[in-house]
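Enquirer: Below are the chains, spelled out letter by letter.
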Amino acid sequence: EADIYQTPRYLVIGTGKKITLECSQTMGHDKMYWYQQDPGMELHLIHYSYGVNSTEKGDLSSESTVSRIRTEHFPLTLESARPSHTSQYLCASSPFRTAGPQETQYFGPGTRLLVL
Amino acid sequence: AQTVTQSQPEMSVQEAETVTLSCTYDTSESNYYLFWYKQPPSRQMILVIRQEAYKQQNATENRFSVNFQKAAKSFSLKISDSQLGDTAMYFCAFIPQGGSEKLVFGKGTKLTVNP
Numbered sequence: 001e002a003d004i005y006q007t008p009r010y011l012v013i014g015t016g017k018k019i020t021l022e023c024s025q026t027m028g029h030d031k032m033y034w035y036q037q038d039p040g041m042e043l044h045l046i047h048y049s050y051g052v053n054s055t056e057k058g059d060l061s062s063e064s065t066v067s068r069i070r071t072e073h074f075p076l077t078l079e080s081a082r083p084s085h086t087s088q089y090l091c092a093s094s095p096f097r098t099a100g101p102q103e104t105q106y107f108g109p110g111t112r113l114l115v116l
Numbered sequence: 001a002q003t004v005t006q007s008q009p010e011m012s013v014q015e016a017e018t019v020t021l022s023c024t025y026d027t028s029e030s031n032y033y034l035f036w037y038k039q040p041p042s043r044q045m046i047l048v049i050r051q052e053a054y055k056q057q058n059a060t061e062n063r064f065s066v067n068f069q070k071a072a073k074s075f076s077l078k079i080s081d082s083q084l085g086d087t088a089m090y091f092c093a094f095i096p097q098g099g100s101e102k103l104v105f106g107k108g109t110k111l112t113v114n115p
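For the protein sequence lines, the chains are A and B, in the order given.
Following the numbering used here, the numbering of the first sequence begins with 1 at its first residue and continues without gaps.
Following the numbering used here, the numbering of the second sequence begins with 1 at its first residue and continues without gaps.
So here's chain A without its partners, still in its complex pose:
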C-alpha cells in the first residue's frame, strides 16, 4: 500500500466548528488532491496542488480551503462546518507534475466527517 496518511479517520462535530483534515505522504510526490465522496458514490475533485505554494480548485465547488506549505503535507480546512459537509474526504497524490506514463494516483484511507 502507498504511504499516504489521513487523520482523523472519523470525525463527528457540531455545526459552526472549524475543522482541519490532515493529509500527508512520504513518497515525495509533487501532486496532491482532495476528493469528496458520499458512501458508495462517485468521487468529486474539490482541490488539487502541483507542488509547494500551488493550489487549485477542482470540479466541485467547495467551501473548504487548502494549503501546501510543505511537499508532504496538504491539509483541508472548513472554517464553519455545516451538515451539508457530511461526507467522506479522500486525499491522493501522484508523482509527476505533468501527466505521463507513470501517472497514477495513490489514495489515503479517507476521513469520514459527520456534522451534526
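Keep in mind that the hints were calculated from the coordinates and are not lab data.
All C-beta atoms, glycine included, are put in the ideal place defined by N, C-alpha and C.
A couple of the hints might just be wrong.
Said to hold, decoys possible - Only pairs whose alpha carbons sit at most 25 Å apart, straight line, appear in this in silico DSS-like list of lysine-lysine:
(1) A:57 - A:17
(2) B:107 - B:78
(3) A:57 - B:102
(4) B:102 - B:73
(5) B:73 - A:57
(6) B:55 - B:78
Unchecked claim - Residues on chain A that point at chain B, a partial pick, calculated with CB under 10 Å:
(7) 33
(8) 40
(9) 44
(10) 90
(11) 92
Following the hints, put chain B in place on chain A, whose structure we already have.
Expert: Showing chain B alone in chain A's frame:
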C-alpha cells in the same frame, strides 16, 4: 470535456467465476491513460490496473485483465476466478496526456462476489 461512463451500477458473480465490468469514455485526445481502481467496503482505494492508450497490448495483472478497444473508446475489466475479497466498488478513470492533468472518474460499479 472528457467523460467516463460505467453503465453497470451493480453486479454480482459467484466465487470462482469470471465477471466483466464495462467502461466507456469520450475524448478527442489521442494520448491518454486509463485506470481501474478498487475500493473495498470501508477500505482504501487502490489501483488495480493501468493501460497506456498508445499500447495495443491489453494490460494484465494476475487475475485482472482489460479489453482496451481504442476505436470504440471502451475499456472493460475482466476478473477471473473471482474471490470474496474482490467485493468492492470499481472505478474506471481516464487522464489525458498533457491535457487537464486531472483524473476523470466514472460513477463506479459495485461488485459483490457471492460464496
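Enquirer: If a hint holds in the structure, say so; if it does not, say that too.
Expert: Hint check results:
no.: 1; hint: A:57 - A:17; in the structure: 22 Å, holds
no.: 2; hint: B:107 - B:78; in the structure: 18 Å, holds
no.: 3; hint: A:57 - B:102; in the structure: 11 Å, holds
no.: 4; hint: B:102 - B:73; in the structure: 19 Å, holds
no.: 5; hint: B:73 - A:57; in the structure: 28 Å, violated
no.: 6; hint: B:55 - B:78; in the structure: 18 Å, holds
no.: 7; hint: 33; in the structure: 8 Å, holds
no.: 8; hint: 40; in the structure: 6 Å, holds
no.: 9; hint: 44; in the structure: 9 Å, holds
no.: 10; hint: 90; in the structure: 7 Å, holds
no.: 11; hint: 92; in the structure: 8 Å, holds
The earlier numbered hint that this structure contradicts is number 5, and it is the only one.
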